[in-house]
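Peer 1: Generate the whole structure from the sequences, applying the supplied hints.
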Amino acid sequence: MSTPTLLERYRAMLEMRSFEEACQQGVPTREVHGELHSAIGQEAIAAGMLGSLREDDAVVSTHRNHLHALAKGVDPRAMMAEIFEKSTGLCGGFGGHMHLFDKRLRFSTTGIVGASLPVALGHAYAAVLGGTGAVAVGVTGDGGANIGSFHECLNIAGAWKLPLVVLIENNEWAISVPFSESTATPTLAERAPAYGAWGKRVDGLDVEAVTEAFAEAVAHARAGHGPAILEATCYRFRGHYEGDLDLYRKADEKAQRLAERDPLALTRQTLLDRGVAGEAELDAMAAAASARTAELLESVRRDPSPAPATAHDHVFVSGR
Amino acid sequence: MSTPTLLERYRAMLEMRSFEEACQQGVPTREVHGELHSAIGQEAIAAGMLGSLREDDAVVSTHRNHLHALAKGVDPRAMMAEIFEKSTGLCGGFGGHMHLFDKRLRFSTTGIVGASLPVALGHAYAAVLGGTGAVAVGVTGDGGANIGSFHECLNIAGAWKLPLVVLIENNEWAISVPFSESTATPTLAERAPAYGAWGKRVDGLDVEAVTEAFAEAVAHARAGHGPAILEATCYRFRGHYEGDLDLYRKADEKAQRLAERDPLALTRQTLLDRGVAGEAELDAMAAAASARTAELLESVRRDPSPAPATAHDHVFVSGR
Amino acid sequence: MTVETSAAVRNINVSQAIAESLRLEMARDEKVVVLGEDVGLQGGVFGSTRGLQREFGAMRVRDTPIAEMAFTGMAVGLAIEGYRPVVEIMFVDFIGVCLEQVFNAIGKIPYMSGGRVEMPVVIKTAGGCIGSAAQHSQCLWGTFAHLPGLKVVAPSSPHDSKGLMAAAVESDDPVVFIEHKGLLLQKAATFEHGADVPKERYVVPLGQANVVHAGSDVTLVTLSASVSDALAVAQELDGTGPSVEVIDLRTVVPLDLDTICASVARTGRLLVVDEDYVGFGLSGEVISGVVERLGPQALRAVKRIGVADTPIPAAKSLEEAVLPGRDAIRRAIDEVTR
Amino acid sequence: MTVETSAAVRNINVSQAIAESLRLEMARDEKVVVLGEDVGLQGGVFGSTRGLQREFGAMRVRDTPIAEMAFTGMAVGLAIEGYRPVVEIMFVDFIGVCLEQVFNAIGKIPYMSGGRVEMPVVIKTAGGCIGSAAQHSQCLWGTFAHLPGLKVVAPSSPHDSKGLMAAAVESDDPVVFIEHKGLLLQKAATFEHGADVPKERYVVPLGQANVVHAGSDVTLVTLSASVSDALAVAQELDGTGPSVEVIDLRTVVPLDLDTICASVARTGRLLVVDEDYVGFGLSGEVISGVVERLGPQALRAVKRIGVADTPIPAAKSLEEAVLPGRDAIRRAIDEVTR
Ligand SMILES: Cc1ncc(C[n+]2csc(CCOP(=O)(O)OP(=O)(O)O)c2C)c(N)n1
Ligand SMILES: Cc1ncc(C[n+]2csc(CCOP(=O)(O)OP(=O)(O)O)c2C)c(N)n1
Ligand SMILES: [Mg+2]
Ligand SMILES: [Mg+2]
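Those sequence lines, one after another, are chains U, Y, V and L.
For the record, in the first sequence the residue sitting at position 37 is 39 according to our numbering, with numbers rising by one throughout.
For the record, in the second sequence the residue sitting at position 151 is 153 according to our numbering, with numbers rising by one throughout.
For the record, in the third sequence the residue sitting at position 19 is 20 according to our numbering, with numbers rising by one throughout.
For the record, in the fourth sequence the residue sitting at position 1 is 2 according to our numbering, with numbers rising by one throughout.
Just to be clear, a hint being listed does not mean it is correct.
[Stated by the list, open to error] In silico lysine to aspartate or glutamate, EDC-like type, Cα no more than 16 Å apart, as pairs:
{"no.": "1", "chain 1": "U", "residue 1": "K163", "chain 2": "Y", "residue 2": "E183"}
{"no.": "2", "chain 1": "V", "residue 1": "K317", "chain 2": "U", "residue 2": "D305"}
{"no.": "3", "chain 1": "Y", "residue 1": "K202", "chain 2": "Y", "residue 2": "E192"}
Derived from the structure by calculation, the hints contain no laboratory data.
Peer 2: Encoded structure:
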């Protein structure tokens with residue numbers, strides 16, 4: 003594994019942003035006819051994961067999962083086709099945006115808050131059983147860190163010294179409930195001692211900081227020292243789901259965050275400040291990412307919907 | 003509330019022990035035809051609760067609940083009748099030993115591990131809603147502290163500053179699984195900072211130490227400072243339930259604990275050492291407790307079983 | 002028992018009807034408290050608690066962390082203290098994390114206490130399909146109904162939503178109140194039955210089904226969002242096809258077998274339309290209940306349609322294939338009257 | 002498919018039969034792992050995993066903390082990694098804390114993944130009454146059967162326990178395997194059917210009911226511990242009363258309606274005896290399934306007995322009153338043959 007450069011991470015962030023924007027286009031058209039949860043504003047976290055994970059490491063994500071899938075290497079076309087409810091999708095259109103499964107890459111998601119960590123714990127146990135040296139990353143939001151499975155999984159991982167990395171994307175909100183009102187402590191990372199775990203809070207808008215902290219967390223788990231909690235702070239740029247009126251947040255707070263704390267803009271500025279690339283090069287990079295995604299979307303849109311006659315397949319893999 | 007003297011606490015412990023021994027008698031006779039969980043060896047904890055609680059404070063206990071009920075002031079006769087499956091029981095014989103409910107005293111229990119704390123949290127919320135100044139004590143074992151509800155309840159109590167006292171009876175075992183193998187940290191009290199809670203570990207065989215620590219925990223909660231975790235260490239003197247072969251624990255470990263670390267013997271020795279009472283007086287006190295309980299048992303045994311025709315009553319309190 | 006006042010009747014939608022009902026209950030009885038995720042500031046993700054926090058304060062209408070075990074279990078302590086908690090579990094699919102509190106505690110404590118402890122708790126939740134796939138589309142009323150001690154309600158209209166919620170809150174028994182997401186999002190003006198909602202408080206009693214369309218050839222038993230589909234088909238067939246009696250159950254527990262059997266005794270044909278999973282649930286209970294009461298010989302034809310033991314798929318093309326929509330209802334009526 | 006070898010047949014009890022089956026499966030396939038509370042050192046609170054940890058080590062037979070969400074959810078990750086986890090939930094009543102993992106993940110992932118991810122998971126648990134009241138006495142097979150994607154097994158004898166556990170472990174579909182506490186504690190010598198257990202591995206296939214007593218007047222459908230009661234009554238009536246065909250379902254999902262209907266087509270009378278709650282569950286499904294297949298006119302009488310929608314009470318006098326024991330079976334046979 004070679005660690006991507008900042009420029010490469012920036013490119014990944016651009017691709018992630020344009021992927022999310024493409025998905026949004028399916029909502030008003032009802033090509034995506036259920037809820038869609040966008041991770042716009044949280045790209046630096048997923049981009050910070052790049053380079054630390056092996057193919058046999060597991061990542062288990064949540065309802066807000068697209069960027070983790072991309073970071074794990076899931077095929078974007080199959081993903082987008084799944085999100086657009088196509089038979090060519092990652093799961094043939096049966097799962098949809100909240101339920102992405104890639105067995106080979108050990109990537110999966112769940113629409114139930116808190117349900118990601120137990121699955122990740124199972125991967126972590128498998129790594130120890132098989133002596134593979136793999137780790138398992140379980141993702142949760144700040145809201146999800148208050149549900150019971152968080153505790154059960156971290157306690158087991160601590161007691162059994164399992165290679166579990168709990169990645170908390172603290173975007174300050176769980177739907178309409180602010181982090182500060184739902185949590186007993188000012189940070190989530192400070193829960194680590196309760197589980198004999200490694201813990202760190204990192205600025206999740208700073209892709210370099212995330213990269214370093216995530217690598218450290220993974221290294222801790224991979225070395226057999228037990229679980230790690232990495233809390234990455236960020237801000238939910240969109241409503242909870244596309245279409246959420248989002249009236250419960252102060253409009254000016256949101257506007258300010260979008261204007262001043264956009265991880266893409268911040269990274270771009272760093273690249274410019276350091277002279278890694280110029281405006282034109284970065285603009286071209288952004289345009290290329292958009293163009294590639296637009297092409298992808300156009301292509302996915304031509305795919306067929308799953309055949310109604312297959313709707314009762316797969317209940318049992320044995321066929322009965 | 004006047005705080006009982008050590009001698010009074012010792013008397014309470016004697017009564018608790020003899021209560022538990024009386025209950026055991028129902029097992030071989032099948033008067034108690036389900037599981038029975040004895041708290042022998044854990045008397046100093048319940049006796050340490052005496053004097054700190056008001057009538058409108060709530061106590062929510064577990065499968066190992068008799069002593070907490072006695073400490074809360076539940077009528078021993080109604081309790082024993084319930085345990086012996088009599089129509090005169092606290093719940094008319096419908097609940098049994100694991101399901102004791104005394105609405106007036108705000109005492110209840112559950113047979114499901116971890117299910118006590120959410121109920122206690124509800125009482126704590128009621129205390130704040132009503133501005134009563136009451137507190138709620140939720141009891142759990144060491145094993146029960148690893149289940150998710152522990153986390154959910156302490157986090158909420160911390161975030162909302164609710165008067166919740168979590169009393170952990172750490173008797174070193176959860177059925178056949180030792181505390182040290184199932185828990186990520188050496189103690190449970192050290193989890194307190196993760197919830198912004200007060201936390202303390204106390205020797206649960208030392209009734210004076212428990213008294214002081216429990217009073218402190220209750221005072222913390224009652225003062226509106228949020229939750230408290232009190233971990234009282236002890237040892238399960240009996241099998242998990244009466245009839246458990248208990249082959250998973252080293253026989254000599256158990257024998258030694260019984261011989262050297264019996265909370266009743268320890269308290270008796272303190273009383274003797276301090277010259278509070280003499281051997282004869284303490285023997286007489288023990289004999290009196292046994293005699294009273296024996297009488298109670300005899301009386302309860304004469305009570306009728308619930309009438310089979312009533313078995314479908316009470317499913318809905320509205321009668322339909 | 003249903004008070005129908007012609008004055009001050011409005012067209013409001015289901016979420017407004019529920020919020021209005023809760024408002025009236027909270028105003029009548031200060032012991033009513035509402036707990037759940039996003040029920041306060043936002044007024045519920047479907048708006049069915051909108052305005053309550055502003056009116057009654059953040060203590061009585063409490064936004065909770067995502068911790069269903071804790072806040073559902075809180076209802077038990079609150080009930081013992083004399084409160085009447087209304088707990089919202091956002092989607093019924095999430096019951097998997099707190100069924101314990103609902104079925105082993107709330108549902109059983111009245112019985113386990115020998116009738117000494119009441120559990121006047123409402124578990125308010127949303128079910129049904131609106132495109133969000135296997136983990137956000139279930140109905141699960143059959144799951145709750147199988148477990149003793151729980152009343153189970155699933156209204157089909159704004160009118161019934163308001164009146165049944167009043168009944169649920171005033172009930173001393175625990176009630177699982179399953180709103181349908183499709184109905185919650187449906188515009189007021191588009192309701193074809195139960196669209197008029199009196200302004201004042203009224204109660205639609207638990208356990209009384211509603212014959213929403215009279216008929217003589219087939220008894221069609223259904224509930225929740227399927228009622229409008231059944232009605233539409235019945236109306237379409239009026240005069241031209243079989244005469245279909247449509248019964249809206251309103252409550253799954255208690256199940257109003259009296260009304261169902263009275264109808265089947267006339268029609269001899271029973272069709273159950275149920276958006277929940279078909280197997281081991283409501284449809285089997287209705288059929289068995291009728292067969293037990295009337296005897297098998299009283300029936301000429303029996304059928305049920307629903308989600309045939311398949312999780313709900315994501316793609317719309319697949320979702321439509323598993324749901325019991327109007328076409329499926331038409332075909333089923335054909336079959337039982339053939 | 003059932004291999005019955007006369008050689009090396011022994012009388013062992015149900016917990017030994019299950020432990021033996023798991024031992025054979027673990028020896029055959031190193032991907033089989035067992036997780037749960039007290040399954041290792043103690044060998045299970047009912048002894049049904051005894052000896053496994055000594056033979057296969059503490060990693061493959063793992064004592065877990067009391068954290069059902071975590072260790073049941075672990076099965077998902079393990080299955081994705083190619084393992085075949087057997088998860089013990091000590092009493093089925095505890096499913097309330099981890100139904101989420103079982104019904105939204107294990108049961109639905111094969112479907113949600115479009116058939117790309119298998120869940121060869123066994124959820125092994127104990128149900129039934131042995132005197133421990135409302136929270137430790139339930140059967141709940143109806144609950145699991147209502148939820149798609151789960152096979153549900155409830156054996157009645159040592160023989161079937163061993164063979165069905167082999168089928169469950171080798172199944173690529175998730176299986177909920179509900180042992181009966183009464184059977185787990187029953188002495189080997191007292192089993193009157195299925196007492197002989199071949200020493201070698203054999204499979205009793207899922208979905209095939211067993212006619213344990215032939216008869217011509219009534220079809221009695223039952224399962225688990227009720228089978229012995231039904232058999233006893235049927236044998237008692239042999240010659241003197243109605244001729245009762247006793248069908249042991251063995252598996253609730255798949256439900257062997259072929260065997261049931263073949264019998265009812267002959268007898269015309271159906272009696273379901275079910276220790277689970279009566280309402281909205283197995284008994285309704287069996288009756289409706291038969292009525293749908295054969296038509297109501299094919300039936301002369303139908304009845305079901307079970308726990309009539311009441312939690313299980315503590316006192317023995319009450320417990321006996323709610324359970325479908327031999328007297329209740331006799332009365333029910335009387336009724337359907339009257
Ligand atoms: C058990 C459960 N409870 C509630 C929900 C509904 N829900 C979905 S996402 C969400 C908020 C999650 O907040 P957070 O974990 O902070 O993630 P974010 O949406 O901010 O990324 C809620 C309450 C759910 N899916 N599962
Ligand atoms: C959710 C749940 N899981 C498992 C059990 C079975 N069980 C009952 S008591 C017990 C051990 C509890 O250990 P601990 O909390 O330490 O209490 P102790 O018995 O030592 O007093 C277990 C596993 C249960 N009742 N509920
Ligand atoms: Mg968040
Ligand atoms: Mg313990």
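Peer 1: Next, verify each hint and record whether it holds.
Peer 2: These are the hints, each one checked on the structure:
{"no.": "1", "hint": "U/K163 with Y/E183", "in the structure": "holds, 11 Å"}
{"no.": "2", "hint": "V/K317 with U/D305", "in the structure": "holds, 14 Å"}
{"no.": "3", "hint": "Y/K202 with Y/E192", "in the structure": "holds, 8 Å"}
Taken one by one, the earlier hints all hold for this structure without exception.
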